[in-house]
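A.B. asks: If you want the building blocks of each chain, they are given just below.
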Amino acid sequence: MTGRGGAKKSRAAGPAPPTTTLVLDNGADTIKAGFVSDDKSDGKPRIIPNCLARDRHRKIYVGSELEKCKDFSELAFRRPVEKGFIVNWEAQKEIWDREFFDDKAAQKCDPSETRLILTEQPNSLPSLQTHCDQIVFEEYGFASYYRGLGPVFNAYRDIQSIFRTPQSTIDSPAQVILLIDSGYSHTTVTPILQGRPLHPAIRRLDVGGKLMTNYLTRLLSVRHFDMRNEPYIVNEMKEAVCYTSLDFKGDLEKTWKGTRGEKREDYLSGAGIAKDYVLPDSHTRFHGVVRDYEPGVSARARKGIISTEDVLTLRNERFVVPELLFNPSDIGIRQPGIADLVKQSLLAVPIGLWPGLLANIVVVGGNSLSEGFCQRLQTEILKRFPDECRVRVARPEDPIISTWLGAANFAKHEHASRLEVTKQEYEEHGAAWVARKFAAGLGLDP
Amino acid sequence: MNNFGVIEVASQKTKNAPGWAYVPDTGLTPAAAAALQPLNRKRAARDKANVGAPDLTARQDAKIRKDLEALDKDSHRDAQIPIPPKAGGTRAQNKHTPNVRKILQSQKTFANHLDDYQAFLALAESNPQLAAQVNKPTPTTAATTATTTARNSPAPSTITTASSNKRSSAAPKRAAATAAAAAGAKEEKGGSNKKLKTQPQPKPVAGNDDVEMTDGPEATQETMTPDSSEPFPPRPDTPTCLEPSTTATPTTTEQPKLQSYPPDGTILPAYNRPPPTPHPGDDDPLLVSRVPPFPTDEELRALITAPPLSYLEARAQWTEEEEGRYPARRFCEVCGYWGRVKCIKCGARVCALECLEAHREECLVRYGL
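If you read the protein sequences in the order shown, they are chains A and B.
Under our numbering, residues 4 to 449 are what the first sequence spells out, in order.
Under our numbering, residues 33 to 401 are what the second sequence spells out, in order.
Check each hint, because a few of them may be wrong.
Stated by the list, open to error - For lysine-lysine, the following BS3-like pairs were computed, each having C-alpha atoms within a straight-line distance of at most 27 Å: (1) A:Lys252 to B:Lys118; (2) B:Lys105 to A:Lys62; (3) B:Lys374 to A:Lys62; (4) A:Lys71 to B:Lys374; (5) A:Lys73 to B:Lys118; (6) A:Lys107 to B:Lys140.
Stated by the list, open to error - The following label-pair restraints were derived from C-beta to C-beta distances: (7) A:Val225 to B:Arg97: 28 to 38 Å; (8) A:Glu116 to B:Arg362: 38 to 48 Å; (9) A:Cys392 to B:Pro306: 20 to 30 Å; (10) A:Gly261 to B:Arg362: 26 to 36 Å.
These are computed hints drawn from the structure, not numbers from a lab.
Ideal placement from N, C-alpha and C gives every residue a C-beta, glycine not left out.
Here chain A stands alone, though its shape is the one from the complex (with noise of 0.2 Å):
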């Protein structure tokens, strides 16, 4: 057995580093998937669903062969991600199998001459750490390998366009910036600072699509239809019609239908917030269409005169769903709103750096897509915080895969080499230094 010097010896002296990274953003819902090398990289990863499901034949599908699945209806999932961290490991590895490491997989790599860059949700469980970086080195055998925080990587990207702020040079990783991340599971506020994340400032909201999606299908359940075996439908509908509400009152009162007997004007027309979704039938239309809604044609559907398609009128859903996020309080949740998130988080970190946080808020993850969300954040922040107070929130143009773009340019950057764990080191020095190692991160130095 080498000792230390031994090994740093034949780390400069044997196998050269690898000049391809796998760039992995492991996500609940989706894999975030591609390379990075020094001269090409991938311009956008692969978008891999990251579950096994089944449709109502039992046919399973894994991981992107969902691709091939038309019938949607009744279609089960299994997720190796809960609560964004990877605890079911049989069902990762046949993924990850799948998808780039088999004979004929997709994104094809050979872990022994590659680079893993994988992402991971703040606060994770040790014991899951651990789980992780074992069978990174283990199972696969990569030549090196880095686990950081999802949004920290977000640091690595030019923030400034975002912002569309004129500027001269582009920090790398980014001076300051507070990202807030709503994704699949959850919904986390990470002060940033330099690449490095404030730990004792990062807070989590335990709302995302996920629940969102749940509550959707519990509203729909309730009025219209039995939607509880739906997931993939159900979410295709969120997508498609929830946004969010800039005036929560205002919209509420016009999709109201009134007392008994009462015809109220708003109601009858629609007042711009009602939409008519109409259902796929597995047949001829295997995703839903949104329509403008028609007065009359989902009355019509229901008295089965138009039987040929199953109409859905969607009214406050389209807004209450998204509101969950600002008020978790409306389905009985006892945590606050993103906006107290951001506030509370910020209090756990000197006032001077306030005004760079607050001038600084990315938004990433899917739940940002829904319309009006950057707008209904920054109004709810100024509210909270002093008027002196500048509040920019900006959310990038492809917020789903802004944390891989992040991590791609990370992988680019020297902080990658600094904070990378090779395959002898952690033989070495076993998998409790490498945790300890990857919870250190940067430390102080520049």
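Position chain B against the provided structure of chain A, taking the given hints into account.
C.D. replies: Chain B in isolation, oriented as in the chain A frame:
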């Protein structure tokens, strides 16, 4: 009571008539009498409902909890989807290392892992040595020999107990820091004399507060109070030898340093880009913006090197004063409008009569009341 087969059906009503009255027989005890015969009949319904009130809210609480659990689930039914067998060519299945085999076979859910972790933290708090033994890592590979594990043996204990210690000591530390900061503010008000005594830091980033400066984005007032750096090192009240010199020439020595915002620090470098073009309104005292004191290197260092919080600590929660600041919004359970009316039977909120009727059909089925 034998009254010859005639059963008198006493009315519940008390009739008042001149001279005599029918009164229901309420027995002897006054308490029982009061229960059967409430004095004020108008309030009877309400009082009865109040008796069941705690039970009712408990039921509603349980319902909310159940609903939230359902919302948190991945799918409506528990889907047991097995991993499909490989179509072409099987991979070698049996070459996993023991660790990997254990991980792959583990059927633990996230909740199980979280419970384990909480239990471990509790153990670490009560019995650190035992916890260190429990957490002793399994050898990573066959290649790792006893020497490396021996070298690493103190490591796991330090990492875990450190995290638990941090967790337990974080609150007092924070309290101490805020107390110190408050003290610092008080002293600042008290006078600059005392403040100057505490100057002998390794790096005095100091200046007095009343230096007038030109307005600009990088150089604004409030002079990055050096006091905020001082809560952290112990605050000696004993005067030091450096005192005379610093009191003598504070302005001349410190003034150049104040030209940059933030002050010279190793963590955040000073702003060194060209300032924006001057504006005629720059000197207007009404337009001067207040910039809070910039955090010092000590503060930033503490923030950056702080360990991550545990999963449950990072979960945002209402503080006590905020918890009840705004009442929870209630919505109609049928149509989603404001819940303005409460169902008498189950306490569910509905908006108006139409929804109340819709709710009642279900309410009877659900609770059998």
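A.B. asks: Between Lys374 (chain B) and Lys62 (chain A), is the straight-line Cα distance small enough, at 27 Å or below?
C.D. replies: violated, 47 Å
A.B. asks: Regarding the pair Lys252 (chain A) and Lys118 (chain B), is the alpha-carbon distance no greater than 27 Å?
C.D. replies: violated, 54 Å
A.B. asks: Are the Cα atoms of Lys107 (chain A) and Lys140 (chain B) separated by 27 Å or less?
C.D. replies: Measuring from Cα to Cα gives roughly 31 Å; hence the hint is violated.
A.B. asks: Regarding Val225 (chain A) and Arg97 (chain B), is the given constraint of 28 to 38 Å on their beta-carbon distance met?
C.D. replies: For Arg97 (chain B) against Val225 (chain A), whose Cβ atoms are near 18 Å apart, the range 28 to 38 Å is violated.
A.B. asks: Is it true that the CA of Lys73 (chain A) sits at most 27 Å from the CA of Lys118 (chain B)?
C.D. replies: Between Lys73 (chain A) and Lys118 (chain B) the Cα gap is close to 22 Å, so the pair holds against 27 Å.
A.B. asks: Falls inside 20 to 30 Å, the C-beta gap from Cys392 (chain A) to Pro306 (chain B)?
C.D. replies: holds, 25 Å
A.B. asks: Please work out if Lys71 (chain A) and Lys374 (chain B) have their alpha carbons no farther apart than 27 Å.
C.D. replies: Violated - the C-alpha atoms of Lys374 (chain B) and Lys71 (chain A) are around 49 Å apart, more than 27 Å.
A.B. asks: Verify the CB-CB distance for Gly261 (chain A) and Arg362 (chain B) against the hinted window 26 to 36 Å.
C.D. replies: violated, 19 Å
A.B. asks: Hey, Lys105 (chain B) versus Lys62 (chain A), does the alpha-carbon distance stay inside 27 Å?
C.D. replies: holds, 22 Å
A.B. asks: Taking 38 to 48 Å as the hint, is the beta-carbon distance of Glu116 (chain A) and Arg362 (chain B) inside that range?
C.D. replies: Violated, since Glu116 (chain A) and Arg362 (chain B) (Cβ atoms, about 60 Å apart) do not stay within the stated range.
The earlier numbered hints that this structure contradicts are 1, 3, 4, 6, 7, 8 and 10.
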